[in-house]
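Q: Chain residues, written in single-letter form:
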Amino acid sequence: MSLSLYIDYVILPILAISLLLVFIRLFKGPTIVDRVIALDLLITIGVSIIAAYSISTQQSTFMDVAMILALIAFLSTIAFSFYLEKKDQDD
Amino acid sequence: MTDLIIAILSTIGVIAILIAAIGILRMPDFYLRLSVTVKAATLGSGLLLFSLAIFFPQVSVTTKAVAIGFFLLLTAPVAAHMIGRTAYLIGTTLWKGTVRDDLKGMYDKDSHRLSSSNKDVQAKQAAAGEGPDQAG
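Chains Z and H are the protein sequences, given in the same order.
Going from the first sequence to our numbering is simple: count from 1 and add 258.
Going from the second sequence to our numbering is simple: count from 1 and add 1396.
Read the hints as simulated data drawn from the structure, not as lab findings.
None of the values given here were measured: they were computed from a predicted structure.
Please note that the accuracy of each hint is not assured.
Listed next, the in silico DSS-like pairs over lysine-lysine satisfying Cα-Cα at most 27 angstroms (straight line) [to be verified]:
| no. | chain 1 | residue 1 | chain 2 | residue 2 |
| --- | --- | --- | --- | --- |
| 1 | H | 1500 | Z | 345 |
| 2 | Z | 345 | H | 1505 |
| 3 | H | 1435 | Z | 286 |
| 4 | H | 1492 | Z | 286 |
Whenever a hint applies, use it, and build me the whole structure from the sequences.
A: Below, the structure written as structure tokens:
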């Protein structure tokens, strides 16, 4: 069993199942902070999917996208927490 | 040999990510969800990016993969601390099985400053009955 087949039939489906589970929390999430960390986890899993896909297809082009996604995940979480705290302080 | 190492590393990483996804769905409380999510997902992504760094022989790709992993490792705790602090300040309810809340009454309601042993802040907040309730 080659590595590419293993990634395609084992690693990527498990990552897809994880994405589905996190999406359920993103829709259900009772509070907005739950949704924020669900979004953060979604982007982190996206970075992992890009890593697995790059191993499977032996192309390293997507790595730049993974770097930008990691940056966006950090900045969006920081911005959400900053403005949620501001909004609470103004009330 | 390299393929075997990559397969083992990526399997451990993907199991960690699956545990994080199950944890964020099943945990009863925002703070427990946060504590499960950040550590397991960072470990999983780091292991997958490390296996990616092993897989490609070019130095440029390896450097990029290690840089992304280092960035994730550096920023995930900061983001988790910020969102956890904000969640506590905007009054997200704790799980009803929580036995201890060390932060209760330690934050000044107006300035959002944390004080370790500020007696008058505690007295003011105890009088007003502030702080997140433990009913959830």
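Q: Taking the hints in turn, state whether each one holds.
A: Hint by hint, here is what the structure shows:
For a cut-off of 27 angstroms, the pair hint linking residue 1500 of chain H to residue 345 of chain Z stands: about 21 angstroms separates their Cα positions. Among the hinted pairs, residue 345 of chain Z with residue 1505 of chain H is consistent with the structure: their alpha-carbon atoms are about 13 angstroms apart, no more than 27 angstroms. Between the alpha carbons of residue 1435 of chain H and residue 286 of chain Z the distance comes to roughly 22 angstroms, so the proposed pair stays at or under 27 angstroms and holds. The suggested pairing of residue 1492 of chain H with residue 286 of chain Z holds, with an alpha-carbon distance near 20 angstroms, which does not exceed 27 angstroms.
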